[in-house]
Amino acid sequence: MTNEFFALTDIRNPGKKQAAMLLLTDPTGRIVLQLRDENKPIRFPGHWSLFGGAIETGETPLDAARRELEEETGLAPAQKMFQPLAVTLASETGRELMYVYHLNLVITPADIQLYEGAGFGFMLEEQFSQLKLVPWQQPVFNYFFSNRNF
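Using this note's numbering, count along the sequence shown one by one with no gaps and you end on 282.
Worth double-checking, as some hints may not be accurate.
[Stated by the list, open to error] Straight-line Cα separation of at most 27 Å, DSS-like style, residue types lysine-lysine; simulated pairs:
1) 264 x 172
2) 148 x 172
3) 172 x 149
4) 149 x 264
5) 149 x 212
Quick caveat, the hints were computed from the structure, so don't treat them as lab data.
Being a predicted model, the structure only gives us computed values, none of them experimental.
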């Protein structure tokens, strides 16, 4: 894995908003996803999503990824464990620039303290076709599944 993000889309001319997201895996290859709240005024309620959120003023994408993971799950792994994976524009959100990190942790459901979202799940690749996913994230998963050398 390099220290560079792979551009999944043309990332020129992004909007003003940026976000940092985490593709969190366990050693067996399962991906940990967050189930977005159903009753809040958020984009894509009730969809399965990567953990993460907006990059705040003065933050780097890595700073934001670490902060969001801790805020949403209580997990606080070392900075060196976050590996750049992909960058893309989420057209559904006004061309928001999305930085995605891969993080492989030895974790169980008991290790996660869910502070945001309706739930979470450890998902296998074969389950993804059955999930209602946040639309812009599907290319991220496709890229990850076709490049399992992370």
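Within 27 Å, alpha carbon to alpha carbon, are residue 172 and residue 149? 20 Å, holds
Between residue 148 and residue 172, is the straight-line Cα distance small enough, at 27 Å or below? 23 Å, holds
CA of residue 149 to CA of residue 212, is that 27 Å or under? 25 Å, holds
Does residue 172 lie within 27 Å of residue 264 when you go C-alpha to C-alpha? OK: residue 264 and residue 172 at ~17 Å, within 27 Å.
Proposed proximity, residue 264 with residue 149 (alpha carbon, max 27 Å): The hint holds at about 24 Å.
Of the numbered hints given earlier, the model fails none.
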